[in-house]
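Undergrad: One-letter residues, chain by chain:
2 protein chains.
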Amino acid sequence: MSAPTIAAVDWGTSSFRLWLLDAAGATVAERRSGDGMLTAGGEGFGPILEKHLASVEASADMPVVICGMAGARQGWIEAPYVTLPTGIDGILAGAVRVPDQPRDIRILPGLAQRRDDAPDVMRGEETQLAGILPLFVSGRHVICMPGTHSKWVEAADGTITGFATWLTGEHFSVLSKHSILRHSLGDSASPALPGNPAFVAACSEALSQGGDIGPSLFRIRAATLLQDLKPDAAAATLSGLLIGAEIASARRILKPAGDKIILVASGPLGSLYAAALKLAGCAVLHADADEAVCTGLFEAAKRLGWTARDFERPRP
Amino acid sequence: MSAPTIAAVDWGTSSFRLWLLDAAGATVAERRSGDGMLTAGGEGFGPILEKHLASVEASADMPVVICGMAGARQGWIEAPYVTLPTGIDGILAGAVRVPDQPRDIRILPGLAQRRDDAPDVMRGEETQLAGILPLFVSGRHVICMPGTHSKWVEAADGTITGFATWLTGEHFSVLSKHSILRHSLGDSASPALPGNPAFVAACSEALSQGGDIGPSLFRIRAATLLQDLKPDAAAATLSGLLIGAEIASARRILKPAGDKIILVASGPLGSLYAAALKLAGCAVLHADADEAVCTGLFEAAKRLGWTARDFERPRP
Chain A
24 MSAPTIAAVD
34 WGTSSFRLWL
44 LDAAGATVAE
54 RRSGDGMLTA
64 GGEGFGPILE
74 KHLASVEASA
84 DMPVVICGMA
94 GARQGWIEAP
104 YVTLPTGIDG
114 ILAGAVRVPD
124 QPRDIRILPG
134 LAQRRDDAPD
144 VMRGEETQLA
154 GILPLFVSGR
164 HVICMPGTHS
174 KWVEAADGTI
184 TGFATWLTGE
194 HFSVLSKHSI
204 LRHSLGDSAS
214 PALPGNPAFV
224 AACSEALSQG
234 GDIGPSLFRI
244 RAATLLQDLK
254 PDAAAATLSG
264 LLIGAEIASA
274 RRILKPAGDK
284 IILVASGPLG
294 SLYAAALKLA
304 GCAVLHADAD
314 EAVCTGLFEA
324 AKRLGWTARD
334 FERPRP
Chain B
24 MSAPTIAAVD
34 WGTSSFRLWL
44 LDAAGATVAE
54 RRSGDGMLTA
64 GGEGFGPILE
74 KHLASVEASA
84 DMPVVICGMA
94 GARQGWIEAP
104 YVTLPTGIDG
114 ILAGAVRVPD
124 QPRDIRILPG
134 LAQRRDDAPD
144 VMRGEETQLA
154 GILPLFVSGR
164 HVICMPGTHS
174 KWVEAADGTI
184 TGFATWLTGE
194 HFSVLSKHSI
204 LRHSLGDSAS
214 PALPGNPAFV
224 AACSEALSQG
234 GDIGPSLFRI
244 RAATLLQDLK
254 PDAAAATLSG
264 LLIGAEIASA
274 RRILKPAGDK
284 IILVASGPLG
294 SLYAAALKLA
304 GCAVLHADAD
314 EAVCTGLFEA
324 AKRLGWTARD
334 FERPRP
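Protein chains in written order, with our numbering: chain A, 24 to 339; chain B, 24 to 339.
Simulated from the structure, these hints should not be mistaken for lab results.
Since the structure is predicted, the reported quantities are computational estimates derived from the model, not experimental observations.
One copy or two, either will do: identical chains are not told apart, so a pair holds if it fits within one copy or between any two.
Lysine to any residue pairs mimicking SDA-like chemistry, simulated, CA-CA at most 25 Å apart:
1. K283 with G110
2. K253 with D140
3. K74 with V121
4. K200 with A141
5. K253 with T106
6. K278 with T184
7. K278 with S227
8. K200 with S37
9. K74 with R96
10. K200 with R96
11. K301 with D140
12. K253 with R138
13. K253 with R137
14. K325 with E314
15. K200 with G35
16. K253 with P103
17. K200 with P291
The task is simple: from the sequences and hints, build the whole structure.
TA: Okay, structure coming up:
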């Protein structure tokens with residue numbers, strides 16, 4: 024295993040993820056924690072970062088590149104949004120150095136779509152985009168990045184030209200915890216598995232209705248009362264309806280050429296979206312989101328010159 | 024003012040409303056309280072009812088007719104759902120007497136649509152329907168009953184043939200309190216006024232998108248960040264989007280003949296829906312929901328024979 028050269032951090036609202044990378048971008052050490060922006064806002068971003076760096080024995084002068092909510096106005100230091108359209112270089116060039124730190128720490132900016140009729144912002148997903156540039160460097164592409172707030176991105180010849188956000192993950196969370204549907208879902212508010220029949224049926228229903236799930240949500244409650252719907256099936260139904268509605272809506276708005284979608288997602292959520300996109304008749308190219316963000320952070324480090332010396336030096 | 028003859032109660036999940044009516048159905052006294060099913064489940068339905076009856080000096084033998092969640096399984100005593108299709112007589116005939124009470128107390132049933140593909144239930148709205156029977160006694164009609172859970176009802180020649188539910192009111196509540204949109208709405212989560220420009224713009228946008236507001240919800244948050252959207256306008260926007268989406272969805276599914284809608288709603292919510300339905304190009308016949316439920320309860324009392332003697336006696 025090679026020596027770690029840089030630290031890469033994806034710092035979200037409620038999550039913190041750290042990789043130590045060698046000069047070729049390979050992962051030497053990794054750490055996950057719940058010390059997101061909400062925690063760091065109280066304890067301090069600097070002390071939390073140093074604590075995690077110490078836990079993986081990072082050297083005192085190792086530089087750190089960060090993406091995500093740490094760069095929000097309410098984060099550590101604001102890395103102002105880069106306005107669309109922009110290429111990946113435009114994003115990586117917007118990195119802001121955190122002042123008064125014992126080491127070189129840069130935070131990457133988010134993206135802003137400053138259209139009067141469709142304002143939108145992202146923080147974190149732009150770095151995933153930097154990590155998958157080879158997939159959209161030529162031609163027009165539509166990229167689906169599911170999550171708490173799903174982002175659907177339009178790119179042309181490597182330039183990000185537009186994006187839109189669906190609240191799908193958060194929608195599932197608030198409806199399952201705070202609406203009348205909580206009586207139907209109980210504590211079964213976990214993600215469905217892709218082959219779950221209730222998920223497939225609900226996703227297909229949402230797609231066949233062009234994404235209009237208005238009258239379908241309360242039916243989950245009624246099906247509990249009249250048809251003895253079980254909590255697991257209720258959760259899978261809600262998940263299928265919301266994901267199907269997102270895909271129908273995004274396809275109508277973004278009109279992906281040949282219904283080809285680049286899906287950037289990890290783990291069970293990635294499998295679920297891949298299944299749902301295939302139900303919708305889309306051709307899916309699936310990239311791993313964790314790898315994408317790590318690669319994107321490494322690309323930023325390269326442009327900062329942090330890995331240049333190592334690349335020039337012949338490796339043993 | 025004539026002597027009170029019967030007590031009529033609309034007993035919801037979180038609200039209790041009582042009217043004393045004379046033999047002709049005119050209101051002699053009225054009382055509102057927050058002693059809904061949730062409170063009554065703890066303190067007991069009987070004691071709460073008697074407390075409110077005492078406060079309006081109802082006689083010890085005055086009969087009481089009740090509609091709403093008091094008849095749910097988790098309510099006072101279950102008044103089993105009447106299955107569609109049904110006429111109003113079928114609903115009123117389903118009243119269940121509460122046993123072991125010092126006075127005659129009847130609870131009206133709710134309605135169930137037992138369709139495998141579209142199960143649905145209502146409790147309370149069926150009694151409003153009983154109160155507006157003259158409006159739909161002949162011909163096919165679509166009836167909009169907005170609220171926490173908006174009900175859209177199809178009726179043909181006085182028979183209820185189908186209905187569907189939109190979570191609009193609850194959706195507004197959970198998104199404004201529990202989602203990222205709470206940062207944009209702040210404490211301004213009050214209903215918009217019908218002429219509010221942000222409400223009109225958002226409702227028109229939702230209608231022009233055929234009700235697809237998927238990418239519009241997060242734009243409220245982005246507009247706060249990029250366009251300095253104010254909390255009041257954010258709340259009006261969310262309200263306009265959700266109500267516009269409901270109307271677009273319901274029209275597509277129910278296809279009201281000549282876009283004529285019977286709207287059953289009271290107060291600010293009624294004005295808001297009337298404005299939204301007009302934006303959608305619908306012809307609106309607006310009935311007051313409070314009057315409708317009171318009239319419906321009186322119709323039930325008439326069929327129970329509780330007012331018959333009085334009608335036979337010539338009035339002074």
